[in-house]
Amino acid sequence: MSPILFELLLRSIWETVLMTAASGLISLVFGLPLGLALVATDRGGIAESLWVNRALGAVINGFRSVPFIILLVALIPVTRLIVGTSIGTWAAIVPLSIAATPYYARIAEVSLREVDHGLIEAARAMGGNRWTIIREVLVPEALPGIVAGFTVTLVTLIGASAMAGAIGAGGLGDLAIRYGYQRFETSVMIAVVIVLIILVCGIQWAGDRLVARLDRRA
Amino acid sequence: MNQHFTASVDTTDPTHGRPDPSRDVVRLLELKRRFGATAALDGVSLTVRKGEILGIIGRSGAGKSTLIRCLNGLERPDSGEVFIEGREISRLGERDLQPLRRRIGMIFQHFNLLSAKTVEDNVALPLKIEGRPKAERLARAAELLDLVGLSEKAKAYPASLSGGQKQRVGIARALAARPALLLSDEATSALDPETTRSILALLKDINRQLGLTILLITHEMEVIRSIADRVAVIDAGRIVEEGPVWSVFADPRSDITRSLLGAIRPQLPAELAARLAPAAGAETILRVDVAGEAARGPLLSDLAAIVPGPFRLVHGGIDHIQEQPVGTLFLSVPGSDARHLAEVITFLKSRQARVEVLGHVANPV
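One line per chain: the protein sequences are X and G, in this order.
Quick note on numbering: our numbering labels position 204 of the first sequence as 204, and the sequence is numbered without any gaps.
Quick note on numbering: our numbering labels position 99 of the second sequence as 99, and the sequence is numbered without any gaps.
Rather than coming from a laboratory, the hints here were simulated on the basis of the structure.
Fair warning: this is a prediction, and the values are worked out from it, not measured in the lab.
Mixed in with the good hints, there may be bad ones.
In silico DMTMM-like pairs for lysine to aspartate or glutamate, Cα to Cα no more than 20 Å straight-line [said to hold, decoys possible]: (1) G:K32 - G:E241; (2) G:K117 - X:D116; (3) G:K117 - X:E7.
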C-alpha cells in the first residue's frame, strides 16, 4: 500500500470514528429519554398517556421504516439547516443521528420495560415521585441493558456510516468502495475490512466489560 | 354458639363499639373496589389501633392485596373512605400522597430491593427521597442494619443475600423514615419455615420495641398465630370474621376461617376418624373446645367428680395463643347409657365449653 493510500486509510478511520462517536452520543442523549417516555406513557406506566405513547411510537416507527440511504438524501434540507452544508463528515452526522436515535430508543425501551414492576411499586410506596423512580429505579436497574444496547447501536452506526460516502462524508466504507472495489486495490479492501473488524470487536469488548461491571443482579 | 366467646370478641372489636379516633392509625369505612366483573373489595370496614399487629388473612384472590394497597394510595377504592391517622386519603392526588407514604413503611413478598444499590443504599433510599443529607442517611442505615442484624452486609449487593437477609433489608428500609405504620404484604410467603419464624420474631420485636403499628396480610394462619394481636378474615372482598387471635382460633365462626385454620386446629387422629359411624356404637366420641377462663379451671376433674360414670380422654391438649389457653379435647363416653352422655354434655356446656358429637365407634378405642 502506498504512503498516500495509507494516509487515506488513516483519514477514513478518523472519519468513521468521528461519525460513529458523534451520532452515537447524540442518539444516546435523545434516544434514552425517548425510550423512557415510551415506557412511562404506556399502559400502567408512571405517566400513563396512551395518546402520547401511540404518537411517539408512530413517529419512531416512521423513521425506522425508511431505508438509511433514502433518509440520507431526504434529510439534506434539514442537514443544511443544522450544519450549514449538506456535504462532508459533519453533514453525515445529522442523518446518522436521526436514524440511530429511534433505533436506540427502542432498544432502551426494551431494557427499561424489563425492570420489575415491584421495584417501581416499592419506590412509590416510599413516597417517591416520577423523577425519583426514573433516577433511582428505572435507569440504574436497566443500566446493564442500556449500555449493552448502546454497544449494539454503535456497531450498527459503523455499518450505516459506510453509506454516508454517498454525500461525501468519507469514512472506511467510502474508501473501500472507491479504492478497494472500483480501482481494484485489493490491499485497501483487506485493510479496511481488518480495521472494521478491530473497531467492531473493540467496541463490543469494551461494552461487554462495562456491562459485566455494572450488572449486580447475580 | 357459645356466649362466652361472643362477648370477648365484641369487647375488643373496635368496629362494634365506638372507635377512639386518637388510637386509630387506620380506619376503613365501606371500602369498595371492582376490577371488571369481580369485586376485589365489597364493603370493607376495619380499624387498626396504635401499637397493635393486625393480621388480615384470606385465600389468594380474596382482596387482601387490593386492601393493603388502598392504605398507601397505591390502589384507589371506587367508594368508601380510608383514614390514616385521622386524615381521609382515598381521594388525594399523587403529589399529596407522597408525603403520606413516607409515614407508612411497606415490605413485600419478593422483597423488591434495588439490585443496582448496595444494602445500605437500599435502606437509605426512603431518606434520600425525603431529601436528607448523605451523612444522616448513612448513619440511620447503619443503625437499622444493626437492628436487623446485618451490619456486616452494608456494602454488599442484594443478589449476594439469602431470602431471609433480603427481607431483613426490606424491613430496615421500611423503617428508615420512622413510619407510623408498617404494611406487610405476604412478607414471609417466599421464605422457608425457619426463616419465616425469624422474620416474624423480628417484626414482633420491632412492634414491641418501637411501638410500631403493623398491618400484615397473609394466607398462612401460622403467621397470624405467631405474631398478630387481632385477625380479620377476608373472603370475596368482605371481612367475614374479626377478633382477637386466640378467640378466633378457639371459635372460628365461618367455614372459610375453619378451612384456613385447617391443620392448625386439633383434629381427631385419622385412623380413629375413619372408624367413626353415625349409628350408635359402643362409644361416643365428643369434640370439646375450651378457651380462656373455661380452659383454666379443673374441667376434667370436675367432670369426673360431678357426673358419675366413665369417660376417657382419647386425644387433644391445651395450646396457648396470646397467653390465652385454647384447647380441644376428644372424649370417649360409653354409648350404651344415653342419660350419662346427656349429663356429660350438659356439664361441659355449663362450663362454657363447646361440645360436638363427632360420631360413634363400634368397638372401644
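Verification of the supplied hints:
The suggested pairing of K32 of chain G with E241 of chain G holds, with an alpha-carbon distance near 18 Å, which does not exceed 20 Å. Between the alpha carbons of K117 of chain G and D116 of chain X the distance comes to roughly 15 Å, so the proposed pair stays at or under 20 Å and holds. With a C-alpha separation of about 48 Å, the suggested pair K117 of chain G and E7 of chain X falls outside the 20 Å cut-off, and the hint is violated.
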